[in-house]
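Enquirer: Below are the chains, spelled out letter by letter.
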Amino acid sequence: DQQVKQNSPSLSVQEGRISILNCDYTNSMFDYFLWYKKYPAEGPTFLISISSIKDKNEDGRFTVFLNKSAKHLSLHIVPSQPGDSAVYFCAASAKKGAQKLVFGQGTRLTINP
Amino acid sequence: DTAVSQTPKYLVTQMGNDKSIKCEQNLGHDTMYWYKQDSKKFLKIMFSYNNKELIINETVPNRFSPKSPDKAHLNLHINSLELGDSAVYFCASSHQGTDEAFFGQGTRLTVV
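Here the protein sequences line up with chains A and B, keeping their order. Residue numbers for the first sequence, in the numbering used here: 4 to 116. Residue numbers for the second sequence, in the numbering used here: 2 to 113.
Mixed in with the good hints, there may be bad ones.
What the hints assert, rightly or not - In silico DSS-like cross-links for lysine-lysine, where the CA-CA straight-line distance does not exceed 27 Å:
#1 Lys-72(B) <-> Lys-10(B)
#2 Lys-20(B) <-> Lys-42(B)
#3 Lys-103(A) <-> Lys-37(B)
#4 Lys-103(A) <-> Lys-10(B)
#5 Lys-103(A) <-> Lys-72(B)
#6 Lys-20(B) <-> Lys-10(B)
#7 Lys-37(B) <-> Lys-8(A)
#8 Lys-68(B) <-> Lys-103(A)
#9 Lys-41(B) <-> Lys-8(A)
These are computed hints drawn from the structure, not numbers from a lab.
So that you can see chain B by itself, here it is in the shape it has in the complex:
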């Protein structure tokens, strides 16, 4: 009964591969996000979707493509992975118009 769940929890892959991270929320929220926590520990927003519509795209390389099949899911697909993509990726969700987001447990992506 996890509120925001993302899979996998750990992902190790080689440079150049394509990978996806899945996220689902069962809170009935309208808005979902992807955040990246880099090696310096800053959490930075990548994307937000509201009711399946892209709202925020923070100058993320177009190798990153979010997909929202419905408002309970926001998946992140990454093409041609690079070493610098290694980070922890957090999915989150919130009610429309609120900033108090609920986060998943994170996916640690390691590109070798």
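Next up, chain A with everything else stripped away, as it sits in the complex:
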């Protein structure tokens, strides 16, 4: 019973274009969401987060959108750069600061020059 799902295992985008990574969740108790980025042979690194009281959070080239009614969030990267090639994990928490993250299975993003 996977409560957080990333249905696209991989995504290929041309450099300079927008990358959109999607994430769906089933547990309506989740109210804090995070994105992590992972390079090969490294641990995940925190990228950006959003609380359920917001529908958008922006940090430089990265924007996370949350649609609570659809239980869906997305990460937009614009413009995409070759260094963005990595696996991106969506994670959710039932309460901000609960320190119990539920992760999706990741989407491998490849940025083509």
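Based on the hints, put chain B in the right spot on chain A.
Expert: Frame of chain A, contents of chain B only:
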């Protein structure tokens, strides 16, 4: 000066053996975790400790025993290893009350 370091990076061992993975963080965080990434790539929390006290234990078999000698260290000991224990194990840490965790580089455990 690695923030969260875990050793070893790779571990190959036979079924039935006992092994340990060590984790140390130099970030001054209060909370440390162990996550398991299985063959389907899902990262699942196993344990969390806050100031050496066990906070979360996610129905992990009792063959897995975390040990926190101080708040900068959280080691994972696994008894009687089974084939299904093969996975990548990640240690992580965070400030108390925050979800933004810092992860180690992972330990790939292969049980043969």
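Enquirer: Check the structure against each numbered hint from earlier and tell me which ones fail, lowest number first.
Expert: none
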